[in-house]
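Asks: These protein sequence lines are chains E and R, in that order. The numbering used here puts the first residue of the first sequence at 1111, with every later residue one more than the last. The numbering used here puts the first residue of the second sequence at 2, with every later residue one more than the last.
Simulated from the structure, these hints should not be mistaken for laboratory data. Each hint can be trusted.
Facing chain E, according to a computed beta carbon distance under 7 Å, are these residues of chain R, among others:
hint, residue
1, 251
2, 253
3, 258
Pairs of lysine to aspartate or glutamate residues, derived as EDC-like cross-links and limited to a Cα-Cα distance of at most 20 Å, are as follows:
hint, chain 1, residue 1, chain 2, residue 2
4, R, 294, E, 1214
5, R, 294, E, 1196
6, E, 1312, E, 1247
7, R, 294, R, 248
8, E, 1265, E, 1284
9, E, 1312, E, 1261
The structure presented is a predicted model; accordingly, all values stated were derived computationally and were not measured. Where is the CB? At the ideal position from N, CA and C, for every residue including glycine.
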Amino acid sequence: MRILLVEDDARLADALASFLRTRDFVVDLASSLAEARSALPAARWAAVLLDLHLPDGDGLTLLPTLQRQHPDCSVIVLTARDQITDRIRGLDAGADDYLVKPFDAGELLARLRAIERRRAGPGGSGSVVTLGSLSVDLANSRVTVAQQPVELTAKEWALLRVMASRPERIHSRDSLLDALYGFDDDTGSNTLEVFMSHLRRKIGRERIQTLRGLGYRLAADGA
Amino acid sequence: MPRHSAPSLSRRLGRTLMLWTSSLWLATALGTLWYVRTDINHVYDSALTESAWRLLDLINHELAEHGPGIALGEAPPPPSEDFPLHIEPHHLIYQVTSARGQLLMRSVDAPGEVLAPGAQDGFSEHDDWRIFTLTHPVSLVRIHVADALRHRRHAELDLMLSLLLPLLGLLPVLGLLIPHLTRRELAGVDHLADQIRERSDRNLSPLSSAGLPAELAIIAERSNHLLQRLSDALDTERALAANAAHELRTPLATTRLRLQGVQDLLGRPDTAAAEALQQALDSLQQLERRAEKLLQMSRAESGAALARDRLNLAQLAAAVVQEFWTDPALLDRLQLLVPEHGDAHTLGDFDALAILLRNLIENAVRHAPDGLITVSVELPARLRVTDQGPGIPGERLGQLLLQRHQRGPSAPMALQPGYGLGLSIVNTIVERQGGLLQLISPAPGQAAGLCVLVQLPAA
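The task is simple: from the sequences and hints, build the whole structure.
Replies: Here it is as structure tokens:
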């Protein structure tokens, strides 16, 4: 897995790169926006670790170029900015994750592994999301509730896949409708509720929480 | 805010001007009245003396020629309504008496009785008359010339009315005119006051001094100077907070990575070196925590946390809770509840309120090792964090509340362990945002646990 690290602090960049290399990641360094821009076309990056406070500008300005050149590349923002508005701004701009310095190396590894899991298509391994008695095998498209397999339609699976691959997120109606968009028939505004109710009947009513005005999420058993 | 308790400048000025104008007018009128009254008496008296001297010789001659007669002169004209009394002709009457006091002669309108039988030469007053008496040096005939005192009183009354009536008529006019004029002339003050009222920590734009009189222009100009300095200071403070975060966090991140790298290299966790390394990492974590709390505290107390944006508490809570859900251990334990109908809006600073909620959740996570932690957004604008931990015993709850009120500006509360750690940050933010903080233990409807309730101003 090849990673581009955009960080202007030489000590941190060096420490991070050598740590990731011990974990068998291929890491390239860029210390400014300009360097990052020229490095982008050079390889097929799996992930970019992006500092926001760069000498020649805001790291988020790199995201449009990055998404155009590498649509499947994940971005983890590594920043000293811990304000929630900075975080929201980063995620809205298209970052997949947002880690505030000083972050735990183990946590960064976990996020990178999650990216690896999401990149691994069907047939991959180790991509099972477990929430209480609900188990979702993202790689092999299998769902079990209390060890009992559950049969889902393609659209139900599409919705569950979005929610299960990022269980820590509240998924907005728009992002879930996007997941349904690829299917040929009409996706009217009320169909999301219909599919959600089907999904709820199959995996348990209380497992999908509706947060009014925000979206849906997979809820834990206790909820 | 103690607003409008003091009377306005224009009202005070109007009242004072009214009072003093009327008083001075009244004093001037009374002074004039006194002076003119003295003058009138003098004129009337002069007329008496002059007439007496003129008549005396004439009458002496008349007596010598024709002997005593009852009357002399013409009959008075009929009284007329439109003829002012004090300039009525024949307002003077006279009587002529012998040396022994017998009435020898009188004017037609004079009474038949001697008015002042024993009067000396000179002025005297009898009944309603002012009399001037004179004795002929040769014939010893006496003449008494008199005018009615009521004539003089009428004259005084007329004068008084002519001076005071205009004042009475003008008072209502002044009563309308003075407040109008003061309001118009003091419009600049009102305008400046309105401008200053609009200024806040979010609006430090310069005041307009256009059309202001010189004194107010100085106030506006100096205020602008201070506003500019305040604005600069706030900008510096914000930049400093952001930079301090960056300057502190980057080396901390480097140190952590290096130590964790060494930990990887060491491999076996049971050696003395690995133990020492773990202790270093623990200390580093403590340092990170304190640095974070200091940054949060400085942010909470800085002018940067004073924004009054309209924000939806459900969105705020969702953003903060999603941060915690990235921890797989909390994915099952942390629950978010938002209102099913209507939105909880408040006016405040999104970042500051997020720090507040983050601290409340951190507290719950630390003190309640297991069990559900519920973050509820409630109408009209409430945040509630409930845990199922041991809660806080009653006496400790009292102490915490006491500490909150006793906290001096420099007390190092933020670094004390336990519930007090994030509580002073929470408390500072709640105060700044105009909210109310309540700690309830055991949590309502539970045997134990702590419920922290933050009531914010609804918007």
